[in-house]
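Novice: Sequence:
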Amino acid sequence: MMKVRKQLFDLCNAFADARIASAHEAMQQAQEAANAEEKSSAGDKYETGRAMAHLEKEKASAQLAAGNKLKEVLIKINPNHTTIRAALGSVVITSNGNYYLAISAGKLSVEGKEYLAVSPASPVGVQLMGCVAGSTIIFQGKSILIVAVE
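For the sequence shown, our numbering assigns the number 161 to the initial residue and increments by one for each residue that follows.
What the hints contain is simulated information worked out from the structure, not anything from laboratory work.
Any given hint could turn out to be false.
[Stated by the list, open to error] The calculated SDA-like cross-link candidates involving lysine to any residue, where the alpha carbons are at most 25 Å apart (straight line), are:
{"#": "1", "residue 1": "Lys229", "residue 2": "Ala308"}
{"#": "2", "residue 1": "Lys273", "residue 2": "Lys219"}
{"#": "3", "residue 1": "Lys217", "residue 2": "Phe175"}
{"#": "4", "residue 1": "Lys166", "residue 2": "Arg245"}
{"#": "5", "residue 1": "Lys166", "residue 2": "Asp177"}
{"#": "6", "residue 1": "Lys236", "residue 2": "Ala183"}
{"#": "7", "residue 1": "Lys273", "residue 2": "Met162"}
{"#": "8", "residue 1": "Lys219", "residue 2": "Arg245"}
{"#": "9", "residue 1": "Lys219", "residue 2": "Ser264"}
{"#": "10", "residue 1": "Lys163", "residue 2": "Ile244"}
{"#": "11", "residue 1": "Lys273", "residue 2": "Ala194"}
{"#": "12", "residue 1": "Lys163", "residue 2": "Gly266"}
{"#": "13", "residue 1": "Lys163", "residue 2": "Glu232"}
{"#": "14", "residue 1": "Lys231", "residue 2": "Asp177"}
{"#": "15", "residue 1": "Lys267", "residue 2": "Gln191"}
{"#": "16", "residue 1": "Lys302", "residue 2": "Pro239"}
{"#": "17", "residue 1": "Lys217", "residue 2": "Ala247"}
{"#": "18", "residue 1": "Lys267", "residue 2": "Thr296"}
{"#": "19", "residue 1": "Lys231", "residue 2": "Lys267"}
{"#": "20", "residue 1": "Lys166", "residue 2": "Lys302"}
{"#": "21", "residue 1": "Lys267", "residue 2": "Asn240"}
{"#": "22", "residue 1": "Lys231", "residue 2": "Met212"}
{"#": "23", "residue 1": "Lys166", "residue 2": "Ile180"}
{"#": "24", "residue 1": "Lys229", "residue 2": "Ala181"}
{"#": "25", "residue 1": "Lys217", "residue 2": "Lys273"}
{"#": "26", "residue 1": "Lys302", "residue 2": "Gln287"}
{"#": "27", "residue 1": "Lys273", "residue 2": "Ala293"}
{"#": "28", "residue 1": "Lys231", "residue 2": "Ala293"}
{"#": "29", "residue 1": "Lys302", "residue 2": "Asn240"}
{"#": "30", "residue 1": "Lys229", "residue 2": "Asn240"}
{"#": "31", "residue 1": "Lys229", "residue 2": "Ala186"}
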């Protein structure tokens, strides 16, 4: 399971890296658009184009900050560390599916099995944190058995 946890960790890192790269690219495109507007004709069209480019740059900046926050969470994870209780970096096998407590990165596939990468702050993540194998949680009105914590 250590190998699976490491692969999930690597996939989450790749997810965060892709988010950061996308934000950098969007910021660069917004800057290029703003620079192009400076060379454009005068008047209201110039101001509108410049404002739009500024808004795009702010949006990309927020996306970059979100990507950096994902990396901050991942830095706290040691994929080689195991615990009995579900914690940040744990793989939790349940009667309702497999979860990886790290960042919200959606469905990840490792060795033919599906895992849902969730943040410990997400509704299901909050329920899973601290659980041990054999315990039960109630999520969205359903009883879910914790089969294993790895």
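Novice: Could you run down the list of hints and mark each one as holding or not?
Specialist: Here is how each hint holds up against the structure:
| no. | hint | verdict |
| --- | --- | --- |
| 1 | Lys229 <-> Ala308 | violated (28 Å) |
| 2 | Lys273 <-> Lys219 | violated (35 Å) |
| 3 | Lys217 <-> Phe175 | holds (21 Å) |
| 4 | Lys166 <-> Arg245 | holds (18 Å) |
| 5 | Lys166 <-> Asp177 | holds (16 Å) |
| 6 | Lys236 <-> Ala183 | holds (23 Å) |
| 7 | Lys273 <-> Met162 | holds (15 Å) |
| 8 | Lys219 <-> Arg245 | violated (38 Å) |
| 9 | Lys219 <-> Ser264 | holds (20 Å) |
| 10 | Lys163 <-> Ile244 | holds (17 Å) |
| 11 | Lys273 <-> Ala194 | violated (46 Å) |
| 12 | Lys163 <-> Gly266 | holds (19 Å) |
| 13 | Lys163 <-> Glu232 | holds (22 Å) |
| 14 | Lys231 <-> Asp177 | holds (8 Å) |
| 15 | Lys267 <-> Gln191 | violated (33 Å) |
| 16 | Lys302 <-> Pro239 | violated (30 Å) |
| 17 | Lys217 <-> Ala247 | violated (36 Å) |
| 18 | Lys267 <-> Thr296 | holds (23 Å) |
| 19 | Lys231 <-> Lys267 | holds (18 Å) |
| 20 | Lys166 <-> Lys302 | violated (30 Å) |
| 21 | Lys267 <-> Asn240 | holds (21 Å) |
| 22 | Lys231 <-> Met212 | violated (29 Å) |
| 23 | Lys166 <-> Ile180 | holds (21 Å) |
| 24 | Lys229 <-> Ala181 | holds (14 Å) |
| 25 | Lys217 <-> Lys273 | violated (39 Å) |
| 26 | Lys302 <-> Gln287 | holds (12 Å) |
| 27 | Lys273 <-> Ala293 | holds (19 Å) |
| 28 | Lys231 <-> Ala293 | violated (28 Å) |
| 29 | Lys302 <-> Asn240 | violated (32 Å) |
| 30 | Lys229 <-> Asn240 | holds (22 Å) |
| 31 | Lys229 <-> Ala186 | holds (18 Å) |
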